[in-house]
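**Q** Once you know that position 291 of the sequence shown is 291 in the working numbering, the rest is easy, because the numbers rise by one and skip nothing.
None of these hints come from the bench; they were simulated from the model. Among the hints, erroneous ones may be present.
Cross-link-like lysine-lysine pairs, in silico, BS3-like; alpha carbons within 25 angstroms at most [claimed, not checked]:
1. Lys45 <-> Lys413
2. Lys141 <-> Lys45
3. Lys223 <-> Lys209
4. Lys139 <-> Lys45
5. Lys413 <-> Lys139
6. Lys448 <-> Lys311
7. Lys141 <-> Lys448
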Amino acid sequence: MGQLLSCVVVSGTWCLCTATGSLLTACCGNDKKSTEPVGANSGRKRSVLLMVIAMIVSFVFQYWVASAVVESYEKDEIELSVSALAKEQATNFFQDSWLDGCTEYESSELRERCVGNSGVYRAASAATLFFLLAAIAVKCKPSFNREVWPAKYILFLFLCAATIFIPNEPVFSDIYLNIARVGGALFIVVQQIIFIDMAFNWNDSWVEKSNQAEAEETGAGNKWLVAILVAVAILFLGSLTVIGLMFHFFGGCAISNAFISVTLILCIVVTVAQMTGEEGSLLSSAVTTAYATYLCFSALSRNPDATCNPKLGEEDLTGIVLGVGITMISLGWTGWSYTAGKALDVEDDRSVDGASAPNTTTNTKDEERKVTGVVTGTSSYGSTKEEGATGDAADLENSAAVSSNRGFSNSWKLNMVLALISCWFAMALTSWGSVASGGNSANPEVGKVSMWIMIASQWLFMALYSWSLVAPRLFPDRDFS
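With these hints in hand, go ahead and build the complete structure from the sequences.
**A** Structure below.
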């Protein structure tokens with residue numbers, strides 16, 4: 001009987017370990033050579049997952065660990081499951097590392113803010129260092145971006161654990177803070193390009209579906225046109241509603257009124273510019289208006305002047321959720337967008353599939369019914385698709401081969417973008433390194449520095465989108481696609 005039970009236990013343990021290993025392999029990848037075609041798409045997704053883990057660790061350090069450290073410092077005790085002597089030594093070492101440079105603040109709130117900021121710097125610096133090392137490794141070995149992912153996750157967690165015992169000064173509060181400020185400012189530019197690209201590709205995707213449905217059945221593409229118009233109406237009406245609310249809640253001083261008025265004027269200008277040409281679309285202009293409105297709200301909610309910001313000192317959960325949501329959208333674009341793969345010179349799995357599978361859909365000019373006009377902004381879209389469909393299969397195979405050789409060699413760009421994202425969320429959660437800026441630990445983004453950075457990023461965003469509309473008219477002999 002005992003031997004039978006032993007066999008059952010051993011068999012069950014083996015099945016459990018096998019299932020656990022399969023689950024980890026599915027989530028994190030493995031270091032074995034794959035028989036699948038070489039592609040970086042899986043590496044991109046796992047890199048984004050690691051960035052999400054870094055953000056979660058940052059929140060834990062900022063809102064939980066920091067509070068516990070300050071509380072233990074004020075009560076001169078900490079709960080550790082060790083002996084009395086080791087408890088005292090560990091307490092002093094741990095507290096000294098996290099409180100380094102923060103004990104100068106007399107207020108418990110500011111002290112907790114300082115410790116929380118240092119916690120964010122720890123997780124963000126680990127992520128930044130990891131992706132910089134990954135960029136160097138990918139430059140040396142192109143296929144490294146999709147290999148040994150379990151070891152990569154372990155390395156990242158080890159880096160996070162190592163930062164816990166490093167004093168704040170000068171590594172985090174001086175060196176990394178300045179590096180993150182530069183990296184965060186660079187990512188602002190990248191983020192604007194991301195949203196402009198998303199706006200155009202969203203419109204192109206639905207227009208393509210409308211053209212395909214119209215080619216199969218007359219009138220079937222109208223539902224996609226209706227969907228575009230509904231999305232446009234929701235985005236424009238929502239933006240106008242938020243602008244009205246901002247005038248109501250934040251219109252107590254001249255600078256707030258100026259920010260809101262400039263936002264409204266810029267949104268009208270870019271929409272009119274789009275409607276007078278074929279370069280853009282109403283959907284892309286609506287997305288641009290909505291994002292510009294969000295940037296204006298972010299700038300106003302970070303104003304440290306109580307006259308201009310009546311919500312000062314309150315928990316701005318909406319602003320934090322929106323900020324994290326925008327960052328997650330950027331991460332989603334980086335990890336899953338085919339356009340991101342092309343922009344970062346990372347080969348997507350679809351390039352391999354497209355090269356090996358023949359194009360089974362052939363539409364003639366009579367069969368394909370194009371949807372044109374201001375709504376779509378793609379008057380020649382159908383002909384472009386038709387020309388691409390009649391290409392030679394051999395050219396597709398050669399193009400895929402060239403992409404396979406070139407894609408992974410430039411995958412370091414992906415890791416550099418993720419390193420900039422880690423700098424950005426570190427600055428977004430710590431008000432660009434400002435502690436005594438008038439906010440509290442629940443809303444660590446209030447300060448003049450972050451206010452001006454956000455409104456300047458809005459102006460840059462609108463300038464880039466305006467250029468995408470005007471440039472083809474100024475230089476018609478150049479290709480801006």
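**Q** Indicate, hint by hint, whether the structure satisfies it.
**A** Cross-check of the supplied hints:
no.	hint	verdict
1	Lys45 <-> Lys413	holds, 15 angstroms
2	Lys141 <-> Lys45	holds, 19 angstroms
3	Lys223 <-> Lys209	holds, 10 angstroms
4	Lys139 <-> Lys45	holds, 19 angstroms
5	Lys413 <-> Lys139	holds, 9 angstroms
6	Lys448 <-> Lys311	holds, 15 angstroms
7	Lys141 <-> Lys448	violated, 44 angstroms
Taken one by one, the earlier hints fail for this structure only at number 7.
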